[in-house]
Amino acid sequence: MAAVGLFMAAPAFADPQVLQFGQMAEISSNGGTIDYTVSNLQPSGHNDGIWYSDVTAKGVSGNATPNIADFNARAVNSSTFAVMKGNQTDGLPEGPLPLGSPVTGRLYFDVRNGTNPDSVVYRDAGGTDKVVWKS
Numbered sequence: 001m002a003a004v005g006l007f008m009a010a011p012a013f014a015d016p017q018v019l020q021f022g023q024m025a026e027i028s029s030n031g032g033t034i035d036y037t038v039s040n041l042q043p044s045g046h047n048d049g050i051w052y053s054d055v056t057a058k059g060v061s062g063n064a065t066p067n068i069a070d071f072n073a074r075a076v077n078s079s080t081f082a083v084m085k086g087n088q089t090d091g092l093p094e095g096p097l098p099l100g101s102p103v104t105g106r107l108y109f110d111v112r113n114g115t116n117p118d119s120v121v122y123r124d125a126g127g128t129d130k131v132v133w134k135s
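Letter 49 of the sequence shown, counting from 1, is numbered 49 in the UniProt record's numbering, and no numbers are missing.
Just so you know, these hints were derived from the structure itself, not from any lab.
There's no promise every hint is true.
Stated by the list, open to error - Label-pair distances were calculated between CB atoms; the ranges are:
#: 1; residue 1: H46; residue 2: G91; range: 28 to 38 angstroms
#: 2; residue 1: N47; residue 2: G100; range: 31 to 41 angstroms
#: 3; residue 1: N113; residue 2: G62; range: 36 to 46 angstroms
#: 4; residue 1: S61; residue 2: P16; range: 17 to 27 angstroms
#: 5; residue 1: R112; residue 2: G62; range: 31 to 41 angstroms
#: 6; residue 1: H46; residue 2: L99; range: 29 to 39 angstroms
#: 7; residue 1: D15; residue 2: T115; range: 21 to 31 angstroms
#: 8; residue 1: P93; residue 2: M24; range: 32 to 42 angstroms
#: 9; residue 1: G100; residue 2: A75; range: 29 to 39 angstroms
#: 10; residue 1: T104; residue 2: I50; range: 11 to 21 angstroms
#: 11; residue 1: N67; residue 2: A14; range: 31 to 41 angstroms
#: 12; residue 1: N77; residue 2: G100; range: 35 to 45 angstroms
Glycine included, every Cβ here is placed at the ideal spot set by N, Cα and C.
Let the hints inform the model, and build the full structure from the sequences given.
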């Protein structure tokens, strides 16, 4: 009697790109490519549990439309905090970016009753971490 084995390869998941705050990452999504630089993750200063980070986005190619909802703050204990305001942030447009011209804004995170974040993560629509900015 012959045994027939079936081998199925598990899908490969690439580790996210890990960068220091202030470094640029090129991210493709929504039919375009954007260079993002995230920096200055810090509390708002109003003792209200709100944190923010500065973000600069520069359209590189295609229909370079920021998807701000893909950004999250994360604490060392893996607690994750979604960006506030969904797809709207101070200074970044909801529509396509002009190619080659950087636009700067802020990402806000509600961290009330949570562990202070130490990184900002870009996750794709499927929930996979693509880029992590940290100090």
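Exercise for review: Of all the hints given earlier, name the ones this structure violates by number, lowest first.
Suggested key: 1, 8 and 11
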